[in-house]
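S.K.: These protein sequence lines are chains Y and W, in that order.
Counting from 1, position 87 in the first sequence corresponds to residue 87 in this note's numbering; the numbering is continuous, with no gaps.
Here this note's numbering = 1-based position in the second sequence + 1000.
Some hints could be false.
Claimed, not checked - Which residues of chain Y face chain W? A partial, calculated answer using Cβ under 10 Å:
#1 I116
#2 A118
#3 I124
#4 V127
#5 E180
#6 L181
#7 D183
To be clear, the hints were calculated from the coordinates, so they are not data collected in a lab.
All residues carry an ideal CB built from backbone N, CA and C; glycine is no exception.
In case you want the letters, here they are:
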Amino acid sequence: MGFFRITGGLLGLLMETLYWCKASFSNSDKVFAQLYIIGNQTLPVGALIALFSGGVLALQAGPTLAQFGLEENVGGLVGLSLVKEIGPIMASILIAGRVGSAMTAELASMSVYEEIDALKTMDINPVRYLVMPRFIAMVLALPILVIYMDVIGWFGGGIVSVVNPEVHLSFDVYYRNLSELVDFTAVMNGLIKAMFFGIIISIVCCYVGLKTKGGPREIGSSVTKAVVMSFVLVLVSDYYITRILLFLNLD
Amino acid sequence: MEQKLQEQNTNDNLLSTITSKEGGSSASVLLDYLKCASVGVKIDNIKRSFGDNYVLRGLALDIQPGETVVILGKSGSGKSVLMRHIIGLECPDAGHIYVAGEDINNPDFKKNHVIAMVFQSSALFNSLSVSENVALYLREHKIFADESELKQIVSSALDIVGLRDKDDVMPSQLSGGMKRRVAAARALVMNPDIILFDEPTAGLDPMMTRTMGDLICDLKNKVEITQIIVTHDIDLAFYVADRIAILNEGRILEVGTPEQIRASVNSATIDFIKPQFE
Chain Y
1 MGFFRITGGL LGLLMETLYW CKASFSNSDK VFAQLYIIGN QTLPVGALIA LFSGGVLALQ
61 AGPTLAQFGL EENVGGLVGL SLVKEIGPIM ASILIAGRVG SAMTAELASM SVYEEIDALK
121 TMDINPVRYL VMPRFIAMVL ALPILVIYMD VIGWFGGGIV SVVNPEVHLS FDVYYRNLSE
181 LVDFTAVMNG LIKAMFFGII ISIVCCYVGL KTKGGPREIG SSVTKAVVMS FVLVLVSDYY
241 ITRILLFLNL D
Chain W
1001 MEQKLQEQNT NDNLLSTITS KEGGSSASVL LDYLKCASVG VKIDNIKRSF GDNYVLRGLA
1061 LDIQPGETVV ILGKSGSGKS VLMRHIIGLE CPDAGHIYVA GEDINNPDFK KNHVIAMVFQ
1121 SSALFNSLSV SENVALYLRE HKIFADESEL KQIVSSALDI VGLRDKDDVM PSQLSGGMKR
1181 RVAAARALVM NPDIILFDEP TAGLDPMMTR TMGDLICDLK NKVEITQIIV THDIDLAFYV
1241 ADRIAILNEG RILEVGTPEQ IRASVNSATI DFIKPQFE
């Protein structure tokens, strides 16, 4: 029963948010404010995570490929892994953990302390005022963050490939193989996933936040619930989005 | 300490500010803006339960236009639930609430009437400054095309509640009493037909309680706005009310002027209004 109630609630909020996207231009200041918050909270950490993730991919795959004389393919392996899977998933987990959790905490606190009720009494729709700017900002920011993390991850993989004596590639070889294998379709594949993940994270975090009732303890449990639910839904939907992209010959 | 002293000064200034309409004070800008229509409220036998908990059990009350009615009741008697019904945040299981003869659940109700509420928790937005909080309704509904006109109304409202110098301050830096007054200013700029106060003096010191009481009296006398106040502060009730309604177990037990309530022979009313410590 709870499953159907939550699923219905999430879909209902998504529909209402899509409806209010018509007011996005008149609320562009709120969208930009959210974009600034997302960028501010994720870019430095995202760079660090991406650098080391690219590095560890090259560190793990490089020596194994070198055993078969295939070390020239490290660039392609790191590049494709990052753009198709690791980049979108890492960026989503980062956004859900840092931004989504803050979103849930803020909206949950607003619910608990009657601020959402105050908005309603002022005839200000909470979905238009609070959810829509966060939704648009996250759907825009997540693909941008993925591109940013992909590029830094490639760079991290390149450094390890050059420095690691078991691989010992030149940066030129690494980059050539990467640019041969990573094409526009592969990048778009990752960006489409990121966009869907942005929809999932923003709707889940806003929904859980708005539905919070009680006191400070419930705010904490709502944050945990929203982040866990976002992680699970991102990972489950990743499989189905990949299946759909494969079916459409986009993978 | 400094904040306390400022609040004390504000308390002294409040009445003189609001009454200095002729003197060209900025408070007069808001008083001119408030074109109150003075509407009446009819609560018609509303019932509401949450599971097995029957909170409102056929509550009926008529409030005349421009009247200030205080609803007194002990904790858990359904006062706040009643307020949430009047403002449309909750729907009754049965019964209706009419404002100026129009059902508040009518889809077009909000086009014709504005009801403002001062929440017990103040419900200010922490990410907005004091002036932004007060201006929120005006900005979101694009009431003024001219930003300077909007700022004038906002500073006038802050002037009335004695917080003009706090316009750039964030709510987290305000005391409980100041927050309540900002919430009152936010309600005033909505130019409402009715203002609801939910426990306006809960958690306030005697000075701030007096300030809130004065503000309610001034709105009654100068703007003639319909006001509904729920509280269990007996002193405030007798200070501001035109009529007092005693709420007990989800029903109105007794309604009357403060004098009639004082002279009541109903044992539940006597128990409720008698001094706590004799």
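S.K.: Per the CB criterion, is Y/I116 less than 10 Å away from chain W?
M.R.: holds, 9 Å
S.K.: Can you verify the interface hint for Y/L181: is its Cβ closer than 10 Å to any Cβ in chain W?
M.R.: violated, 46 Å
S.K.: Taking the closest Cβ pair, is Y/A118 under 10 Å from chain W?
M.R.: Because about 4 Å separates Y/A118 from the closest Cβ in chain W, which is inside the 10 Å limit, the hint holds.
S.K.: Would the hint on Y/D183 stand, with a C-beta cut-off of 10 Å toward chain W?
M.R.: Where the cut-off is 10 Å and the nearest Cβ of chain W is about 43 Å from Y/D183, the hint is violated.
S.K.: With 10 Å as the cut and Cβ atoms as the points, is Y/I124 at the interface with chain W?
M.R.: Holds, because the Cβ-Cβ distance from Y/I124 to chain W comes to roughly 5 Å (cut-off 10 Å).
S.K.: Under the criterion of a CB-CB separation shorter than 10 Å, is Y/E180 in contact with chain W as hinted?
M.R.: violated, 48 Å
S.K.: If you take the shortest Cβ to Cβ gap from Y/V127 to chain W, is it below 10 Å?
M.R.: Because about 13 Å separates Y/V127 from the closest Cβ in chain W, which is outside the 10 Å limit, the hint is violated.
Hints 4, 5, 6, 7 from the list above are not met by this structure, while the remaining hints are.
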